[in-house]
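Protein chains in written order, with this note's numbering: chain A, 22 to 321; chain B, 197 to 298.
Think of the hints as simulated: they come from the structure by calculation, not from any bench. Incorrect hints may appear among the rest.
[Stated by the list, open to error] Result set (DSS-like, lysine-lysine): computed pairs, CA atoms no more than 25 Å apart in a straight line:
1) A/K228 to B/K298
2) A/K276 to A/K122
3) B/K276 to A/K297
4) B/K295 to A/K276
5) B/K263 to A/K131
6) A/K131 to B/K298
7) A/K297 to B/K295
8) B/K262 to A/K162
9) B/K298 to A/K238
10) B/K288 to A/K162
11) A/K213 to B/K288
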Amino acid sequence: MFDIAIVGAGTAGLSAAIYGVRAGKSVIVFEALTYGGQIINTPEVENYPGIRQISGFDFATGLYEQATGLGAEVVYERVIRIDDQGDTKLVVTEDGQYEAKSVILATGAKNRPLGVEREEELIGAGVSYCATCDGAFFRGKDVAVVGGGNTALEDAAYLSAYCRTVYLIHRRDQFRGEEKSVERLRKKENVKFVLESRVTALNGEGKLESITIEHGKNGETTQLAVEGLFVAIGQMPDNEAFANLVDVDHSGYIKAMESCETNVPGIFTAGDCRTKKVRQLATAAADGAIAALAACEYID
Amino acid sequence: MEVLHITTENFESEVVKSEMPVLVDFWASWCGPCRMLAPVIEELAGELTDAKIGKINVDEEPDLAKKYGVMSIPTVIAFKNGEEVGRSVGFKPKNALVKLLK
Ligand SMILES: Cc1cc2nc3c(=O)[nH]c(=O)nc-3n(C[C@H](O)[C@H](O)[C@H](O)COP(=O)(O)OP(=O)(O)OC[C@H]3O[C@@H](n4cnc5c(N)ncnc54)[C@H](O)[C@@H]3O)c2cc1C
Numbered sequence: 022m023f024d025i026a027i028v029g030a031g032t033a034g035l036s037a038a039i040y041g042v043r044a045g046k047s048v049i050v051f052e053a054l055t056y057g058g059q060i061i062n063t064p065e066v067e068n069y070p071g072i073r074q075i076s077g078f079d080f081a082t083g084l085y086e087q088a089t090g091l092g093a094e095v096v097y098e099r100v101i102r103i104d105d106q107g108d109t110k111l112v113v114t115e116d117g118q119y120e121a122k123s124v125i126l127a128t129g130a131k132n133r134p135l136g137v138e139r140e141e142e143l144i145g146a147g148v149s150y151c152a153t154c155d156g157a158f159f160r161g162k163d164v165a166v167v168g169g170g171n172t173a174l175e176d177a178a179y180l181s182a183y184c185r186t187v188y189l190i191h192r193r194d195q196f197r198g199e200e201k202s203v204e205r206l207r208k209k210e211n212v213k214f215v216l217e218s219r220v221t222a223l224n225g226e227g228k229l230e231s232i233t234i235e236h237g238k239n240g241e242t243t244q245l246a247v248e249g250l251f252v253a254i255g256q257m258p259d260n261e262a263f264a265n266l267v268d269v270d271h272s273g274y275i276k277a278m279e280s281c282e283t284n285v286p287g288i289f290t291a292g293d294c295r296t297k298k299v300r301q302l303a304t305a306a307a308d309g310a311i312a313a314l315a316a317c318e319y320i321d
Numbered sequence: 197m198e199v200l201h202i203t204t205e206n207f208e209s210e211v212v213k214s215e216m217p218v219l220v221d222f223w224a225s226w227c228g229p230c231r232m233l234a235p236v237i238e239e240l241a242g243e244l245t246d247a248k249i250g251k252i253n254v255d256e257e258p259d260l261a262k263k264y265g266v267m268s269i270p271t272v273i274a275f276k277n278g279e280e281v282g283r284s285v286g287f288k289p290k291n292a293l294v295k296l297l298k
């Protein structure tokens, strides 16, 4: 029986692990993919207090080494269910079962897909969720960015430096992102705005060759020849497996206050997966600390 | 076995004409998930006896990346008799990579 079982080895989960083991508890962390979470894709983090600049990979690796060096155990298994048996929480993974006195859910967030057919099949074959990761493979090509927030605007600006044409597709006629960024994009000759429009189909054999767009005003559809489609319509939580266990809000984020307690005694939550305003590394780490100490208090 | 360093020069001999199946990892030093995958690739190379493992740096070998339509990294492609038989994109755990050879 472990004192604390943590779901997710991102910034929140690993921060919780550090606080848990330092408080003398036995800690096991479950990770479905690789330690580090979302930040490993980011080349430069420049806003984590105390570190002027660091790559996401180095940040995540430092955190991982700190947590495991102190004695936390990381197991690479996806958690598919948790049974609340009162004082014991049964953590069920794809490969086994583990008992713990308390649980911290730190499942983070993932990129929101467009929800268009063939989207998943074409990931790595034209469909991308990370312009800075994949942009260089589209040098001299025509690409599209979908979204209306700052990420979409930044992606379009980044890609405009490499690509022949960047179509910026947004379902409204106004952007949520900063007006200054929109203005800057309007001045670029190779950026074309496709507003009040939605992507309705992805076409191509083996790889993306074109997309079908429906224009909101008249419902007309057109085909746009692009080899790359960068989806930047935000993040979403990954909490379906726990929606029967703890209260979640209408978007699927686990409901919690500053204490990081959920509605179930002994189950806590930390990081991007929970209801909160600011989803950043610093707030994920802060939640991790709070959740771990709350779990310690609950156990004792 | 060692992880092979694959380039345009030895691609023909090490991959296309290989008797054994080959798993090729397309990667770059600036790519976080590629660095996460690196130890998994090393581990696989140590364990597999019926397949070879190689790495292609896409910055040094853009033509190979282009030829195989690599548009995101890491991309791992399984080759048998020089033909692509499986592909995975993004960080994947070890067993998912082994499955590409099946
Ligand atoms: C492109 C990008 C750039 C960013 N840049 C910055 C920045 O510069 N500064 C900053 O402060 N923040 C930045 N952020 C935000 C920051 O990455 C997040 O706030 C932070 O990663 C949240 O950490 P987390 O631990 O809550 O979640 P995550 O990092 O999402 O980690 C959650 C982990 O849980 C795992 N998991 C999920 N479900 C399960 C399950 N059922 N079983 C086992 N494991 C599971 C996931 O695989 C993942 O590894 C950026 C985000 C993105 C996408």
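Taking the hints in turn, this is what the structure says about them:
1. A/K228 to B/K298: holds (23 Å)
2. A/K276 to A/K122: holds (21 Å)
3. B/K276 to A/K297: With a Cα-Cα distance of about 49 Å, the restraint between B/K276 and A/K297 is violated, given a limit of 25 Å.
4. B/K295 to A/K276: violated (38 Å)
5. B/K263 to A/K131: violated (30 Å)
6. A/K131 to B/K298: Outside the cut-off at roughly 30 Å; violated.
7. A/K297 to B/K295: Given pair A/K297, B/K295 is violated - Cα atoms ~39 Å apart, limit 25 Å.
8. B/K262 to A/K162: holds (13 Å)
9. B/K298 to A/K238: violated (50 Å)
10. B/K288 to A/K162: violated (28 Å)
11. A/K213 to B/K288: Between A/K213 and B/K288 the Cα gap is close to 36 Å, so the pair fails against 25 Å, i.e. violated.
Violated hints, in rising order: 3, 4, 5, 6, 7, 9, 10, 11; the structure is consistent with all others.
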